[in-house]
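Participant: The primary structure of each chain is shown beneath.
There are 2 protein chains.
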Amino acid sequence: MAKNDKRAPAHLLGVDLGGTKILAAVVDREGNLLAEAKRSTKSEQGQQAVIDRIVAAAGEAVASAQLDMGQVAAVGIGAPAPVDVATGTVYNAPNLVGWDQVPLGRLLRDALDLPVHVDNDVNVGTLAEHVLGAGRGTRHMVGIFVGTGVGGGLILDGRLHRGFRYAAGEIGHMVMSADGPLCGCGRPGCLEAYASRTAIEREVRAGLEMGRPSILPQLMAQSGKSRLTSGLIAKALAADDELMGSVISQVQRYLGLLVGSLVNLLDPEMIVFGGGVVEALGDPFLEPIGRVARERYLQQRDADRVRIVAAQLGDHAGVLGAAILAGQQSGIAFSPGAPT
Amino acid sequence: MAKNDKRAPAHLLGVDLGGTKILAAVVDREGNLLAEAKRSTKSEQGQQAVIDRIVAAAGEAVASAQLDMGQVAAVGIGAPAPVDVATGTVYNAPNLVGWDQVPLGRLLRDALDLPVHVDNDVNVGTLAEHVLGAGRGTRHMVGIFVGTGVGGGLILDGRLHRGFRYAAGEIGHMVMSADGPLCGCGRPGCLEAYASRTAIEREVRAGLEMGRPSILPQLMAQSGKSRLTSGLIAKALAADDELMGSVISQVQRYLGLLVGSLVNLLDPEMIVFGGGVVEALGDPFLEPIGRVARERYLQQRDADRVRIVAAQLGDHAGVLGAAILAGQQSGIAFSPGAPT
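Protein sequences, first through last, are from chains B and Z.
Here the working numbering is used: the first residue of the first sequence is 322, the next is one more, and so on.
Here the working numbering is used: the first residue of the second sequence is 322, the next is one more, and so on.
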């Protein structure tokens, strides 16, 4: 290595801005995560306080990587909201108090004196799985993230498909039934109203109220949690809880129908499932989804080649994807190697 | 113009292979249709007879344009079946007797001694609307064609999105309800089972059997037709037939929900509706679709900019799109002007 390589801005900084925490990480051009740092978001303390904590996390990550900011080429950040990628403006963010039309790109650029690129957190996670995770080498890939809600991202022709208003990928709000249960968005029958952790909790509570036997009340009391977490869902399934089993079967059925629709529409080579529910339940959760989906493929030729797989990057998808975004938007060549 | 321009292969030949007829047309590089010719398909007479009639129609179109085959740069053809675009192979074509795995590209290349490019007829029609019709200048556009079935095509990032098995665009087989009416494909709840002419006829017949009053039996007897045509649907609506009105309202509702899902997933700037039903009913058919769709958009910002419009090219979309395909696949620059 030439001596001056150390001073060249060869690294990328990825930031994952969440409703509860901020993660920042330094990533090299091969996709290796060199160091990371964490802060609480505490958006109720105001926008400037959040910006300050992003800057602090970024500084700490760069310092732990034994670098200085001059060695960072660009910053990427994923925000839990619709984002105008061209301007870096964050629109109505449901989990960030008072965040609507926030010029996050400009604010961070001023604070860090570096190029900053902003995108939606699910897009950024999808990008990470495509470049460094389960979807490496695919040309058309769909990311589906099942947690409190259901998020989605599309890689088409090797690139993130954002749509003309930067509003694409809202898989959770595809219609699964004209008269289905009410979704958090206020409309009936969205996929999210059938297949999110919120939907699972609603169905479990309805079952308990109808007097169906279940170990869930006992598990929830033991854990001291008032909400149904992905971990508790996994525990109930592991204990062969019949109520949870039947609720999850319905979730798998709807996710299978969704995948069937997506394959008929987009014909991707891979569907990557991630998010808290999928991480907790693992590969066995995906098998019935694939079975239902495959029955819906209009084109049965080469149906085996459509792969349905679990995401690989877990909690790191956000910072890695943000770093990849920073590289792509800055025109920096990024050559993925094996993550360390 | 230089003298030798007349002999340069500056023209494109587009062929629309349908279940009942073959259309061939000569198109110049500005998208002007110079001449066309027609033959019956009569696929029951065997593959070679169909190939011969395609060649005859092509020859007649070229002759009517006062050109010879040496002035044709390439041939494009749209087939009513899944097509492997890389090899020009036509897979199981429901409306062409005995057509499965037919190397149409190679057969026509041998017969015409010209480069031949094959694609699915709906893809080709979508391409035409994008380059010469309603979708001119758009970057992301969805074509939805409502006839006996419901076909679809996707223009994403300015280009036809075909998918990795060339199976994309099957909008008619997106799931609208897990337990809906049976589709022609054998599965329950596909969009096509709610929103095609086949579905309209099924619902109208069910209404008549239940004794609902309607002028349709009278209209059908007058026309001497045993099937419900798009023209009869239009006549019944024009006469304020209550049964037809309620059936069409349901169709519009499902098409609206579909558009809502497509906008949430792909965020296109335009949805182009074509096909026999849409041509017969015109713009008034689209307005309620737009109303239902818009209520489903998760992203309401700039919702006005998502346009839902009628296709412009009608029956010519097939030959024009095939000619455009020929140009694109041959790397020939194509500069659309105003069609003559």
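Treat the hints with caution; some may be incorrect.
Reference listing, derived: stretches of chain B covered by chain Z, where coverage requires no fewer than 3 residues with Cβ under 8 Å from a Cβ of chain Z [said to hold, decoys possible]:
#1 473-483
#2 489-499
#3 564-578
Here are some of the chain Z residues that sit facing chain B, going by a computed Cβ distance under 8 Å [as the list claims (entries may be wrong)]:
#4 Ala384
#5 Leu388
#6 Gln392
#7 His461
#8 Phe485
#9 Ala489
#10 His494
#11 Gly505
#12 Arg508
#13 Leu564
#14 Gly581
#15 Gln620
#16 Asp623
#17 Arg626
Read the hints as simulated data drawn from the structure, not as lab findings.
Note that the Cβ used here is the ideal one computed from N, Cα and C, for glycine as well.
Participant: So, for every hint listed, does it hold in this structure?
Facilitator: Quick rundown of the hints versus the structure:
1. Residues of the segment 473-483 of chain B lying with their CB closer than 8 Å to a CB of chain Z number 7, which satisfies the three-residue condition for coverage.
2. Closer than 8 Å: that is the beta-carbon criterion, and the segment 489-499 of chain B has 10 residues meeting it against chain Z, so the requirement of 3 holds.
3. Counting residues of the segment 564-578 of chain B whose CB lies closer than 8 Å to any CB of chain Z gives 3, which reaches the minimum of 3, so the coverage claim holds.
4. The restraint placing Z:Ala384 at the interface with chain B is violated, with a minimum CB-CB distance near 39 Å, outside the 8 Å limit.
5. Evaluation of the Z:Leu388 hint against chain B yields a violated restraint, the C-beta minimum of about 36 Å exceeding 8 Å.
6. Hint on Z:Gln392 is violated. Least Cβ distance to chain B is approximately 34 Å, over the 8 Å limit.
7. Of the supplied interface hints, the one on Z:His461 holds, with its beta-carbon coming within about 5 Å of a beta-carbon of chain B, less than 8 Å.
8. For Z:Phe485, the interface hint holds, since its Cβ comes within 8 Å of a Cβ in chain B; the closest pair sits about 4 Å apart.
9. Among the interface hints, the one on Z:Ala489 holds; its C-beta lies about 4 Å from the nearest C-beta in chain B, closer than the 8 Å criterion.
10. Among the interface hints, the one on Z:His494 holds; its C-beta lies about 4 Å from the nearest C-beta in chain B, closer than the 8 Å criterion.
11. Checking Z:Gly505 against chain B by beta carbon gives a least distance of about 11 Å; that is not within 8 Å, so the hint is violated.
12. Using the Cβ-Cβ criterion of 8 Å, the hint placing Z:Arg508 at the interface with chain B is satisfied: the shortest such distance is roughly 6 Å.
13. For Z:Leu564, the shortest C-beta to C-beta distance to chain B is roughly 20 Å, which exceeds 8 Å, and the interface hint is violated.
14. At its closest, the beta carbon of Z:Gly581 sits 6 Å from a beta carbon of chain B; the interface hint therefore holds under the 8 Å criterion.
15. Annotation: interface hint on Z:Gln620 holds; nearest CB of chain B at approximately 4 Å, less than 8 Å.
16. Annotation: Z:Asp623 was flagged as interfacial toward chain B, and the flag holds, the nearest CB pair being 5 Å apart, inside 8 Å.
17. Hint status for Z:Arg626 relative to chain B: holds, with the closest Cβ pair at about 7 Å, below 8 Å.
Going down the numbered hints, you'll see the structure goes against 4, 5, 6, 11, 13, while the others check out.
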